[in-house]
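Asks: Chain residues, written in single-letter form:
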Amino acid sequence: MGEKVLMKGAEAIAEAAIRAGCMAFFGYPITPQNETPEYFSRRMPELGRVFLQAESEVASINMVYGAACTGTRVITTSSSPGISLMQEGFSYIANSNVPCVVVNAMRGGPGLGDIAPAQADYFQATKGGGHGDYHSIVLAPHTIQETADLMFDAFDLADKYRIMVVVLVDGLMGQMMEPVEFKEWVDVSKFKTPEWATVGQGDRKERNIITSLEILPEGLEKMNLALQEKYKKIKENEVRLEEYEMDDAEYALTAFGTVARIAKTVVDMARADGIKLGLIRPITVWPFPEKEIAKRAEQVKFFFDVEMNEGQMLEDVKLAVNGKKPVHYYGRLGGVVPTAEEIYGEFKKLLGGKE
Amino acid sequence: MNIGTNKKIQWCPGCGNYAIYSAFKNVVERNIENGKLIKENIVLVSGIGCHGYITNYYDLNSFHPIHGRVPPLATGMRIANDLLTVVGFAGDGDVYAEGMNHIIQAARRNTDITMIVHDNSVYGLTTGQFTPTSPKGFKGRSTPFGNPERPLNPITLMIVSRGTFVARGFSGDVKHLEYLFERAIFHRGFSIVDVIQPCVTFNNTYEFFRKRVYRLEDTDYKPNDFEKAVEKSLEWGDKIPIGVFYEEETDTYEKLVRGHENFFFNRDVPDITEILTEKS
Ligand SMILES: Cc1ncc(C[n+]2csc(CCOP(=O)(O)OP(=O)(O)O)c2C)c(N)n1
Ligand code: SF4
Ligand SMILES: [Mg+2]
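Here the protein sequences line up with chains Z and R, keeping their order.
Each residue of the first sequence is one higher than the one before, counting from 1 in the numbering used here.
Each residue of the second sequence is one higher than the one before, counting from 1 in the numbering used here.
Misleading hints may appear alongside valid ones.
Quick list of the computed label-pair ranges, beta carbon to beta carbon [claimed, not checked]: (1) Z:ALA226 <-> R:ILE9: 56 to 64 Å; (2) Z:GLU310 <-> R:ARG210: 49 to 57 Å; (3) Z:MET223 <-> R:VAL269: 51 to 59 Å; (4) R:PHE145 <-> Z:LYS127: 49 to 57 Å; (5) Z:ALA197 <-> R:VAL269: 51 to 59 Å; (6) Z:ASP114 <-> R:ASN81: 24 to 32 Å; (7) R:ASP268 <-> Z:THR211: 44 to 52 Å; (8) R:ASN81 <-> Z:GLY352: 38 to 46 Å; (9) Z:LYS324 <-> R:CYS12: 53 to 61 Å; (10) R:VAL269 <-> Z:GLU88: 30 to 38 Å; (11) R:ILE240 <-> Z:ALA197: 43 to 51 Å; (12) R:VAL269 <-> Z:ASP247: 56 to 64 Å; (13) Z:ARG271 <-> R:ASP271: 20 to 28 Å; (14) Z:ILE215 <-> R:ARG108: 29 to 37 Å.
Treat the hints as calculated values from the structure; they're not laboratory data.
Values in this document were obtained by computation on a predicted structure and should not be read as measured data.
The beta-carbon is built from N, C-alpha and C at its ideal position, and this holds for glycine as well.
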């Protein structure tokens, strides 16, 4: 690790990706994440790597798809409306088993919405969005430091499973400044072109074909089952979460990203008042920490899910809790960020006169 | 007659959008007064970008849709109801990048819509990135070392896409803009006016163009010959032509596919508040 530098989240994303060995960026301008491409546009040429501003998000994701097929570490970053346009590409990328990284700095929707921070793309990111039975690994950091760390993991996971990894942040994380310490540079001179890549055939016997097409249903079912096998492995091995003050907790908050950050303050406020509140913070929102939450359902009296959307992760929490304990929800929509006091107030309403 | 609104105009002082705004306002007001346009039948569609705010400042029915999609949305409106005068306002990023495909198809199809492109050669609202009409070498927010790409010529593109009215205007010449907008609106079929619209904040080109532009209407150029129009559209250097490059009368798409049938009926579609308050 090097020294700490003060950085905006949007810039830390780019710097971390570069250090993780990202060789090409393709993207299209959109607020609130223009600082990320801007940073890439300065740094990539200095390093002999590629920054390309595409004509649209549809072009961007297809450029990513193309570069990914050659086994190159590649990224695109955008925000909600732009990510919506990329969904077709995501679905094809999934069934082609090519690795890439996508950052979504979520803003208020639906439609043009606004440019304020939101979490309303949770469903889209974790349950598909594009067509077909597919998943992407979805990482949801809650600080700039964690974002910088997860960018490295995003590329590693993408390569390890030949899968698209989504880093789900929001405009607030992008604009916030925090001291960051970056991991060591990945030595790109050691990169080898993977066996499966569609580069020149050379003296390999078999030619490589990357496609998501299989016209025979039985054949396509096989492709699908192989995908599901991969997803099962990822679910078994890659679930990540943070449990904050959960050891003796009687109540559990569930939250991700920016809200989880605020929720930590809520936990501290409750603890100061002698209330045993804890926080379960999924870091991978797909794969979702089902087992861990199910276990806590034996322990806590109820769950309180807080999000900046109409209750999207709430569905996954409820599935995990499976009716064992009540799951309550509070959320703000349209880019409104709830305060710690507000969440704590809502929590105390749930306690009623009991405490 | 005043079709202005009391909304505070948000453009930077000196922005080329003001010229487009007042030229269009004058043309519409004049033609509503003389009965050539019916206020209730005018619908404006605007893209996403600084230019898109324009619909806030006219007291006319308007529609603020998806970035890049003004031409298909305007097409849909016009096909659904050919009593409408449909005018689309779009940005250069909007219509020559994100939605480039659509403007080509709209030109070729020849539905009776008017496109006014606020061409400032920059993404204004996202604060200063290059667009397909930015010159090579342009230093913007995403091109610190200069834009490596060569620019697109929208006039040539629109002519070869068989647009039936293709013109270029300049925000430094409001009177001429009025002339072009009026002709474009009353042209039967697809019309486009690409307006050189300096963005004083991110790409101030007033001086550059003031020195170079001249009106085609002040010369003996006739906009009725396809090949000559293509050739004229390529003129770009010490002298840059503004005015009508090409014009042609031919059947519109809506005329060809359904004669004069109109799909529009007075329908009893409830207001959203009625839906929300309805008792079951
Ligand atoms: C799908 C999608 N991608 C990106 C954006 C972000 N965005 C907002 S306005 C704009 C373009 C502005 O450029 P231009 O069309 O030239 O209009 P100007 O601001 O210069 O008038 C962009 C890219 C968006 N709103 N939607
Ligand atoms: S940024 Fe440029 S285009 Fe946008 S309002 Fe200001 S001067 Fe006009
Ligand atoms: Mg523009």
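Asks: Against the structure, test the hints numbered earlier, and report the numbers of the ones violated in rising order.
Replies: Per hint list: 3, 4, 8, 13 violated.
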